[in-house]
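Visitor: Here the protein sequences line up with chains A and B, keeping their order. Numbers 935 to 1176, taken from the working numbering, label the letters of the first sequence in order. Numbers 935 to 1176, taken from the working numbering, label the letters of the second sequence in order.
Simulated from the structure, these hints should not be mistaken for lab results. Treat the hints loosely; a few may be bogus.
Derived Cβ-Cβ restraints for the label pairs, each shown as a range [stated by the list, open to error]:
#  : chain 1 : residue 1 : chain 2 : residue 2 : range
1  : A       : 1002      : B       : 1127      : 37 to 47 Å
2  : B       : 1084      : A       : 972       : 44 to 54 Å
3  : A       : 937       : B       : 1154      : 22 to 32 Å
4  : A       : 982       : B       : 1125      : 43 to 53 Å
5  : B       : 1173      : A       : 972       : 29 to 39 Å
6  : A       : 972       : B       : 1033      : 44 to 54 Å
7  : A       : 1081      : B       : 1172      : 25 to 35 Å
8  : B       : 1100      : A       : 1005      : 45 to 55 Å
9  : A       : 1089      : B       : 944       : 23 to 33 Å
10 : A       : 998       : B       : 1114      : 25 to 35 Å
11 : B       : 1006      : A       : 1144      : 17 to 27 Å
12 : A       : 1067      : B       : 987       : 31 to 41 Å
Cβ coordinates follow ideal geometry from the N, Cα and C atoms, glycine included.
Letter by letter, the chains look like this.
Number of protein chains: 2
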Amino acid sequence: MKKFPVLEIFGPTIQGEGMVIGQKTMFVRTAGCDYSCSWCDSAFTWDGSAKDDIRQLTAEEIWTELFALGGSHFSHVTISGGNPALLGNLNELIDLLHEKNVKVAIETQGSRLQPWFDQIDDLTISPKPPSSGMKTDFTKLDEIILYLRGKNRLYHASLKVVVFDEQDLEFAKMVHLKYPEIPFYLQVGNDLVHEPDDGKLISHLLTRYEWLIDRAVSEEGLNNARVLPQLHTLVWGNKRGV
Amino acid sequence: MKKFPVLEIFGPTIQGEGMVIGQKTMFVRTAGCDYSCSWCDSAFTWDGSAKDDIRQLTAEEIWTELFALGGSHFSHVTISGGNPALLGNLNELIDLLHEKNVKVAIETQGSRLQPWFDQIDDLTISPKPPSSGMKTDFTKLDEIILYLRGKNRLYHASLKVVVFDEQDLEFAKMVHLKYPEIPFYLQVGNDLVHEPDDGKLISHLLTRYEWLIDRAVSEEGLNNARVLPQLHTLVWGNKRGV
Ligand code: SF4
Ligand code: SF4
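Just chain A, same shape as in the assembly:
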């Protein structure tokens, strides 16, 4: 059996963002990313700072840990990263979770297509806007969307763009316009990922959220968007593993 690089397994908690916001879920965080976004809130998955915490686990071992933590108290698992789409054989884990009657969500930036994308119940594709310093490969993104459309899986997918500034918003509009049939989410960027004072963080993020709502509301190209904050950050601040 294939082994996967795992950094964190935690839960049950709720999904704080995106297409299944609020959903009760467990989290499996894989290590490794092909990007290095300037504002990455999971930089420890790829910058080497947590490399001693990476464990190589089989799907069975991951399930054992999920079950030890969550018992019968979950029916949804979110695989996040890093970029879990770097893992070619992840279908071993996805299939095992489905056998256990557990639904599977994944978030990826859309730089890689994996055949198992058509098995994901809630697939969030999150192309990175200019403020990240990364450049989206739209040929690849087209390929992913085409693959999902061909498999009749667009209903299980969504696009999400994190927005920090006006340039990001322009990028978001362009992405939404390019793939109008896919549910589209705007998310407030957290530009205070190192702020330890929760009160300050919350008030700042709610102000930024209000700004993003105001901007989205004034844009005809975003009539069909959903504008969301990160709920886990509002509730738990910048803590990891909740």
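Since chain A is already given, all that's left is putting chain B with the ligands on it; use the hints.
Guide: Same frame as chain A, now just chain B with the ligands:
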């Protein structure tokens, strides 16, 4: 043409709660409710305090106002109350909005079935828990769910229960168990609807939200629930018309 009792028309803004949380939308608030929940945050729709503000408007007149406010900047309208399901001919408005390529969401507590329920794009049915002082008529609720199932519209519907305390949570579990095929949402009750200090309100509501997450997470019967706050209250406090 039929006239409808309208109390507020506002937007564009976002939907702050429930199945399409974050969705850019306009709001039409109708007057009148057959309930009188102890913690109703829209009591002015039925307690007489705003009766001089009620206007009798036709569907065309409502559309004219929506368009004057939102122009081309919306494609979604939420009809809330009060209880809009008291209005037998509301299909006149729903049909007109659909003609204009606008999607329609409605929230009702589930005390009345209207044939136009099968025309609603996002139908939230929100049975009231014990803390409201109201009693759910489950014969009626059964009838509504059966009607939607028969019309193959369950995909456009959701159940939402507002939770203030443990008894409410028990009620929520019972409702979810009774209708497991319908997407289920738990929402934090706002027990400070008259609090003018936004800072106090936000910190209190986030604490209550954390409590509700903790409770939902520990309940096997709520594995498939989605647990959400009211985003508009976090952003704008107890203000009306935003
Ligand atoms: S793609 Fe995601 S995990 Fe990778 S660097 Fe960017 S934000 Fe971080
Ligand atoms: S059903 Fe809704 S509008 Fe009517 S009293 Fe209860 S909370 Fe208020």
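Visitor: A range of 37 to 47 Å was offered for this pair. Does it hold for the Cβ distance of residue 1002 of chain A and residue 1127 of chain B?
Guide: 42 Å, holds
Visitor: Given the hint of 44 to 54 Å, check if residue 972 of chain A and residue 1033 of chain B actually sit that far apart at their C-beta atoms.
Guide: Holds, at about 46 Å.
Visitor: Are residue 1100 of chain B and residue 1005 of chain A spaced within 45 to 55 Å by their CB atoms?
Guide: 21 Å, violated
Visitor: Given a hint of 25 to 35 Å, does the C-beta separation of residue 998 of chain A and residue 1114 of chain B actually sit inside it?
Guide: 28 Å, holds
Visitor: Given the hint of 23 to 33 Å, is the C-beta distance from residue 1089 of chain A to residue 944 of chain B inside that range or not?
Guide: 31 Å, holds
Visitor: Between residue 982 of chain A and residue 1125 of chain B, does the beta-carbon spacing fit 43 to 53 Å?
Guide: 47 Å, holds
Visitor: Confirm or reject the claim that residue 1081 of chain A and residue 1172 of chain B have a C-beta distance inside 25 to 35 Å.
Guide: 47 Å, violated
Visitor: Could you tell me whether the CB distance from residue 1006 of chain B to residue 1144 of chain A stays inside 17 to 27 Å?
Guide: 23 Å, holds
Visitor: CB of residue 1173 of chain B to CB of residue 972 of chain A, is that within 29 to 39 Å?
Guide: Holds - the Cβ-Cβ distance for residue 1173 of chain B and residue 972 of chain A, about 36 Å, lies within 29 to 39 Å.
Visitor: Take a look at whether the Cβ-Cβ distance between residue 937 of chain A and residue 1154 of chain B falls inside 22 to 32 Å.
Guide: Between residue 937 of chain A and residue 1154 of chain B, where Cβ atoms are some 31 Å apart, the hint holds.
Visitor: Within 44 to 54 Å or not, the Cβ separation of residue 1084 of chain B and residue 972 of chain A?
Guide: 53 Å, holds
Visitor: Could you tell me whether the CB distance from residue 1067 of chain A to residue 987 of chain B stays inside 31 to 41 Å?
Guide: For residue 987 of chain B against residue 1067 of chain A, whose Cβ atoms are near 51 Å apart, the range 31 to 41 Å is violated.
The structure fails hints 7, 8 and 12 (numbered hints given earlier, in ascending order).
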